[in-house]
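A.B. asks: Listed below are the residues making up each chain.
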Amino acid sequence: MTTDADTDLESQIARWRSYTLRRRAMRDSDADELEDHLRGRITDLTEAGLRSDEAFLIAVKRMGRLDEISREFAREHSDRLWKQLVLAPEPDGAAAGRRHDLAAMLVFAALAAIAVKAPAAFGLGLGGEAGFYARNLGPLTLTPLAAYFAWRRRTGPRTLAVMAALVALAAVGANAYPLAADSQSIVLTSIHLPIALWFVVGAAYVGGEWRSGRRRMDFIRFTGEWFIYLVLIGLGGGVLTLFTVGTFGAIGLDAEPFVESWLLPCGAAAAVVVAAWLVEAKQSVVENMAPVLTRVFTPLFTAALLAVLAAIALTGSLIDVERDALILFNLLLVVVLGLLLYSVSARDPEARPGGFDRLQLGLVVSALLIDLLVLLAVAGRIGEWGFSPNKTAALGENIVLFANLAGTAWLLLSFVRNRSPFSRLERWQTGYVGVYAAWVWAVVLVFPPLFAYA
Amino acid sequence: MHIAKDLVAASAAPLVLGILAEEESYGYAILKQVGERSGGRLEWTEGLLYPLLHRLERLGHIESHWRSPGGGRRRKYYRITDRGRAELVEQRRQWDAVVEALQGVWTASRSLDPTVRPALEG
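Sequence lines, in order, name chains W and G.
When you line the first sequence up against the working numbering, it's residues 1 to 454, in that order.
When you line the second sequence up against the working numbering, it's residues 455 to 576, in that order.
Bear in mind the hints are in silico, worked out from the structure with no lab data behind them.
Some hints could be false.
To give an idea of the interface, some chain G residues facing chain W are shown, with a C-beta separation under 10 Å as derived from the structure [as the list claims (entries may be wrong)]: (1) Y482; (2) A483; (3) L485; (4) L496; (5) E500; (6) G501; (7) L503; (8) P505; (9) H508; (10) W520; (11) R527; (12) R529; (13) K530; (14) W560.
Some residues of chain W that are not near chain G, with every Cβ distance over 10 Å (derived) [as the list claims (entries may be wrong)]: (15) L34; (16) G40; (17) M63; (18) G64; (19) I69; (20) R71; (21) D182; (22) E209; (23) Y229; (24) K282; (25) A346; (26) E384; (27) V416; (28) S420; (29) A442.
Straight-line Cα separation of at most 27 Å, DSS-like style, residue types lysine-lysine; simulated pairs [stated by the list, open to error]: (30) G/K486 / G/K459; (31) G/K486 / G/K530; (32) G/K530 / W/K282; (33) W/K61 / G/K459; (34) G/K486 / W/K117.
Here the structure is a predicted model, which means the values were calculated and not measured.
Just so it is clear, CB atoms sit at the ideal spot from N, CA and C, and this is done for glycine as well.
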């Protein structure tokens, strides 16, 4: 009988405690303290002759509403409403695990810095042969990142073998072809090789489960957050550089050679790993930034694109496809795709179609219309141009992105009209990742021989 | 008897410091002590006591440590620091001044309204 009442009381206290911990201003230690308080009062009340369940009810009632208590706590601890990522001390075993992780991250960041500086030991300095770093920046900085994830995910030997083979292939693609330093192909390789290797990082990130759509979507989320962190670290690094050069300049020392040959390359290479570690560490602590930015910029980009369309319709002037126009419109499609992807990544697939989905449909359709005009103009003049590596790559990319967005527009339309579930759009996007991978690897490996290393 | 909220809040810190100056204690015991000392007239809420304890700890007037009273639970004990004792002395001076001024006022006004009795004795 007593034990029954005891277990009952324990479960009631446990439930009360979990309610307490739901408040953001309350920490574990506060819940411990309040629980001790509650138990003290319950003991007093039972000693005065009450049954334990009655004592519990009165003790809870006396303590007052949790809302009010937590408001008082929040007033004293307003800092707790800001989730702290790196500096928050954690009790118990979590701290040790995190320190371990931090140490591993530092090792891999150091490896990245060494990898970037190692070629200098063989006479391939930054100031040396210009083409070397352009071709090898991807393999040098992203291999340590892939290795970091392979270590973190305890990747199996099969995946490791595939990753190693791809990195080796990338190194061959970068260095085996006889590309002149001023050729178009070398520019294409130096742009596409890092992206190609990013998919190897992805394989490591998903721990070998690259067929799973969910894991692919995780990697897409990771990519967005990683990029944001990298940009932020880059801004901080810029400030650091400025101060270093400025203060040493003030005491008559020239720090620029050190900054150029050590601080910048090593810092940038290490930042690649540090940003990845930050994303991993904060995953569940901080709101994802990419979807937030998406929300802000989707209406703005839609308005801008509609304005362009209106201007074309009103003036009747066609898009000038001279020179860099195609690249510009490729970038536009990439931005639109990014806006789409990061709102898809944050959307609840169960939610009903809403205003934002219609807005996105408007964004995608107007981007497609503009791109269609560009493609028509390009098709008209392709004979004039001939197929140079640059133009072929730009055109190919445009078609790859156009196909994706056309599919997206179709799926969004049927979703908005309640004809198909949102998850189909998600599957379309995660499935399409394979197409990007195939395309960039083709540009790196097939294009140079195809165009006679031009 | 109901004591105004402002007065409860103003007297809370010196009361806690005074209780902890006698011996170290924990939240529930402090709350009970306050009740006993005031004859049940001062009733603090947990929402007042714990944030106050945390604030005093942040200011360095008291310090805390966890102890286990048994049964796998833990209890947070608070102890006054030297800085807290200095603060208590300072608070006491201020309160003495206030009480003295009030008592002067009470005696002067007693002739006007004999039902008013000095409430802040001792």
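A.B. asks: So, for every hint listed, does it hold in this structure?
C.D. replies: Quick rundown of the hints versus the structure:
1. Y482: Check passed: Cβ of G/Y482 comes within 4 Å of chain W, closer than 10 Å.
2. A483: holds, 8 Å
3. L485: For G/L485, the interface hint holds, since the closest Cβ of chain W sits about 8 Å away, which is under 10 Å.
4. L496: violated, 15 Å
5. E500: holds, 5 Å
6. G501: holds, 4 Å
7. L503: This hint holds: G/L503 lies near chain W, its Cβ roughly 8 Å from the closest one there, short of 10 Å.
8. P505: G/P505 check passes; min Cβ-Cβ to chain W is 4 Å, inside 10 Å.
9. H508: holds, 5 Å
10. W520: holds, 8 Å
11. R527: Result: holds, 6 Å to nearest chain W Cβ.
12. R529: holds, 5 Å
13. K530: Result: holds, 5 Å to nearest chain W Cβ.
14. W560: At 33 Å from the nearest chain W Cβ, G/W560 fails the 10 Å test, so the hint is violated.
15. L34: W/L34 is in fact no farther than 10 Å from some Cβ atom of chain G, at 7 Å.
16. G40: Violated, since 4 Å does not exceed 10 Å.
17. M63: The claim is violated: W/M63 sits with its nearest Cβ about 5 Å from chain G, within 10 Å.
18. G64: violated, 5 Å
19. I69: Contrary to the label, W/I69 does not stay out of reach of chain G, its closest Cβ about 4 Å off (not over 10 Å).
20. R71: W/R71 is in fact no farther than 10 Å from some Cβ atom of chain G, at 7 Å.
21. D182: Nearest chain G Cβ is 64 Å from W/D182, so the label holds.
22. E209: About 40 Å separates W/E209 from the closest Cβ of chain G, which puts it past 10 Å; holds.
23. Y229: Check passes; 32 Å lies beyond 10 Å.
24. K282: holds, 26 Å
25. A346: At roughly 35 Å from the nearest Cβ of chain G, W/A346 sits farther out than 10 Å, so the non-interface label holds.
26. E384: holds, 74 Å
27. V416: holds, 48 Å
28. S420: Holds, since 51 Å exceeds 10 Å.
29. A442: About 61 Å separates W/A442 from the closest Cβ of chain G, which puts it past 10 Å; holds.
30. G/K486 / G/K459: Satisfied, since the Cα-Cα distance of roughly 19 Å is no more than 27 Å.
31. G/K486 / G/K530: holds, 16 Å
32. G/K530 / W/K282: The hint is violated at about 30 Å.
33. W/K61 / G/K459: With Cα atoms ~20 Å apart, W/K61 and G/K459 stay inside 27 Å; holds.
34. G/K486 / W/K117: violated, 68 Å
Comparing the model with each numbered hint stated earlier shows that hints 4, 14, 15, 16, 17, 18, 19, 20, 32, 34 do not hold.
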